[in-house]
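Novice: Take 503 as the starting number for the sequence shown in this note's numbering and just add one per residue.
In short, the hints are calculated from the structure, not lab data. C-beta: ideal position from N, C-alpha, C; glycine also. Any given hint might turn out to be false.
Said to hold, decoys possible - List of simulated lysine-lysine pairs, BS3-like, C-alpha gap at most 30 angstroms: (1) Lys-679 - Lys-622; (2) Lys-558 - Lys-622; (3) Lys-679 - Lys-540; (4) Lys-647 - Lys-622; (5) Lys-647 - Lys-540; (6) Lys-679 - Lys-562; (7) Lys-558 - Lys-546; (8) Lys-679 - Lys-647; (9) Lys-612 - Lys-540; (10) Lys-679 - Lys-612; (11) Lys-647 - Lys-612; (12) Lys-647 - Lys-562; (13) Lys-546 - Lys-679; (14) Lys-562 - Lys-622.
What the hints assert, rightly or not - Quick list of the computed label-pair ranges, beta carbon to beta carbon: (15) Lys-546 - Phe-570: 34 to 44 angstroms; (16) Asn-620 - Lys-558: 20 to 30 angstroms; (17) Glu-571 - Ser-666: 18 to 28 angstroms; (18) Val-692 - Gly-568: 25 to 35 angstroms; (19) Lys-679 - Pro-595: 35 to 45 angstroms.
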Amino acid sequence: MNSEAPTDPQRRGLLQIAAGLAVAGSLGANVARAEAKKPAPTGKLGDFDFLTGEWKIHNKQPRTGGGFEEFEGEATVTSILGGLVSIEELRIPVRDFSGMGLRVLDLESKLWADYWVNAKSGVVGSVPAWGSFVDGVGLWDGDDKDGETPIIVRGAWDQITPRSCRWYQAVSRDDGKTWEESWVMHWTRV
Numbered sequence: 503m504n505s506e507a508p509t510d511p512q513r514r515g516l517l518q519i520a521a522g523l524a525v526a527g528s529l530g531a532n533v534a535r536a537e538a539k540k541p542a543p544t545g546k547l548g549d550f551d552f553l554t555g556e557w558k559i560h561n562k563q564p565r566t567g568g569g570f571e572e573f574e575g576e577a578t579v580t581s582i583l584g585g586l587v588s589i590e591e592l593r594i595p596v597r598d599f600s601g602m603g604l605r606v607l608d609l610e611s612k613l614w615a616d617y618w619v620n621a622k623s624g625v626v627g628s629v630p631a632w633g634s635f636v637d638g639v640g641l642w643d644g645d646d647k648d649g650e651t652p653i654i655v656r657g658a659w660d661q662i663t664p665r666s667c668r669w670y671q672a673v674s675r676d677d678g679k680t681w682e683e684s685w686v687m688h689w690t691r692v
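Could you put the whole structure together from the sequences, leaning on the hints where they help?
Specialist: Now the structure itself:
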């Protein structure tokens, strides 16, 4: 077994294989859930091309009791299959945290499925968040639980320029009436 870190072509190949395995057989089964929330059916090939490349990321999360914790991270993002799939490798060394964001366009529904794979478990989230871009802002909502309480977790992409963008996550405990930001990432292209 090779103990050296994979080269860029090797990394791209590994990410492509992982992406294929992660979505095989699961995309169509989850479209019914997306239709129930009715995100705008505006997804098209290449929507995530703005994200392709190398990034430095400034993270900000609220602290229990007030204030914010800020820390640095980085990501490598690849687009494959002509813009049908976007694969993000996120690395946050100060948190010993890494994982893979996997975004796949369902061409029939015109919606993007957004999956997460935590590197510590190696498990693809079984239910993706579904969404699309409207007027330069992308919104993805996914059902989750906080203990036994159902919540909606929203991921959003906005402030997109050729050199930067912002992603944030917010949580709703009242079926989308109000939202509480739980993570903000300011991305700057390397």
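Novice: The structure should be examined with respect to each hint, and the outcome stated for every one.
Specialist: Taking the hints in turn, this is what the structure says about them:
1. Lys-679 - Lys-622: Roughly 33 angstroms between the alpha carbons, so the hint for Lys-679 and Lys-622 is violated.
2. Lys-558 - Lys-622: 22 angstroms, holds
3. Lys-679 - Lys-540: Status holds; Cα separation ~16 angstroms.
4. Lys-647 - Lys-622: Given that 30 angstroms is the threshold and the Cα spacing comes to 20 angstroms, the pair holds.
5. Lys-647 - Lys-540: It holds: about 20 angstroms lies between the C-alpha atoms, which stays within 30 angstroms.
6. Lys-679 - Lys-562: Measuring from Cα to Cα gives roughly 24 angstroms; hence the hint holds.
7. Lys-558 - Lys-546: 26 angstroms, holds
8. Lys-679 - Lys-647: Within the cut-off at roughly 17 angstroms; holds.
9. Lys-612 - Lys-540: 11 angstroms, holds
10. Lys-679 - Lys-612: 26 angstroms, holds
11. Lys-647 - Lys-612: Answer holds: Lys-647 to Lys-612 is near 27 angstroms, not above 30 angstroms.
12. Lys-647 - Lys-562: It holds: about 22 angstroms lies between the C-alpha atoms, which stays within 30 angstroms.
13. Lys-546 - Lys-679: It holds: about 28 angstroms lies between the C-alpha atoms, which stays within 30 angstroms.
14. Lys-562 - Lys-622: 22 angstroms, holds
15. Lys-546 - Phe-570: 34 to 44 angstroms: This hint holds: roughly 35 angstroms between Cβ atoms.
16. Asn-620 - Lys-558: 20 to 30 angstroms: 21 angstroms, holds
17. Glu-571 - Ser-666: 18 to 28 angstroms: 21 angstroms, holds
18. Val-692 - Gly-568: 25 to 35 angstroms: Given about 33 angstroms between the Cβ atoms, the range holds.
19. Lys-679 - Pro-595: 35 to 45 angstroms: 37 angstroms, holds
In this structure, only the earlier hint numbered 1 is contradicted, and the remaining ones agree with it.
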